[in-house]
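Heads up: the sequence shown at position 127 corresponds to 1491 in the numbering used here, and the numbers run straight through without jumps.
To be clear, the hints were calculated from the coordinates, so they are not data collected in a lab. All clues given are correct.
Computed beta-carbon distance windows for the label pairs: (1) Thr1406 - Ala1557: 34 to 42 Å; (2) Asn1559 - Asn1512: 23 to 31 Å; (3) Gly1435 - Thr1486: 15 to 23 Å; (4) Asp1446 - Thr1406: 28 to 36 Å; (5) Pro1436 - Gly1412: 31 to 39 Å; (6) Ser1538 - Thr1481: 36 to 44 Å; (7) Gly1491 - Ala1434: 18 to 26 Å; (8) Gln1550 - Ser1438: 15 to 23 Å; (9) Asp1577 - Thr1463: 16 to 24 Å; (10) Ala1557 - Thr1464: 43 to 51 Å; (11) Ser1495 - Ser1462: 21 to 29 Å; (12) Asp1577 - Asp1446: 39 to 47 Å; (13) Arg1508 - Asn1556: 25 to 33 Å.
C-beta atoms are modelled at their ideal positions from N, C-alpha and C, and glycine is treated no differently.
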Amino acid sequence: MLKAKDKLTIAISVLSTALLVLAVVCSIMFAAFTANKQANTTISFHEGIDIEINGVSSGAWLYNGTGSTAGPFSSTSGNVVDGLALSPIGLRVTKGASTTTPTYVRVFVVFATTSATATLPTPTGTGITYSQLSGDTGWVDGERDFVNSITSTLGASQVVAYAGTSQFTATSESFSNIINAVQVFQANGNENAHNGEQFRAYFRIYASTSSTDWGENYSYSF
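Using the sequences provided together with the hints, build the complete structure.
Below is the structure:
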């Protein structure tokens, strides 16, 4: 059961005198956006950059309970039985991007689970390539500490972190999926690895006029 702006709990309880109790419990830790409650969320950065994103509502990453990446994505709370898919995150730069001064956007994504056997998803997006972060390189200040905190507080068996950068040379009227729809699990056996476990997902967006200086950013925490 989802606590608003905090986490989604997926619980499946099957009670029978002839069967064992199966509990599927997955929680998603949602980014706490300082945003309005409209369909599109505006994020303003220093250096005169404005970005709009969609795929979130009132601080929650939208999802469906079918596991289908085709949607629809409209849920922010409630039980999920058959599957879980997270909404694509659409992004467009509405101010600050030009051919002479491009806007660079960095996206940081984390997936974590207490399951030792579940397969964690890999993010993909349009015009962005994600690389898995490990070791001592590729991190922006605070990111590795955040991953360590998720590992510690969740007691996660698996945590994966990814980052990717995209360049925008003009403002846009249309959205591109900086994160494509993410399938976490489906029915017909794929959900078994999530039984009795927790799952959390998180993303953070940075924007800057420099592709190497990420001091200006919005950090979304739980």
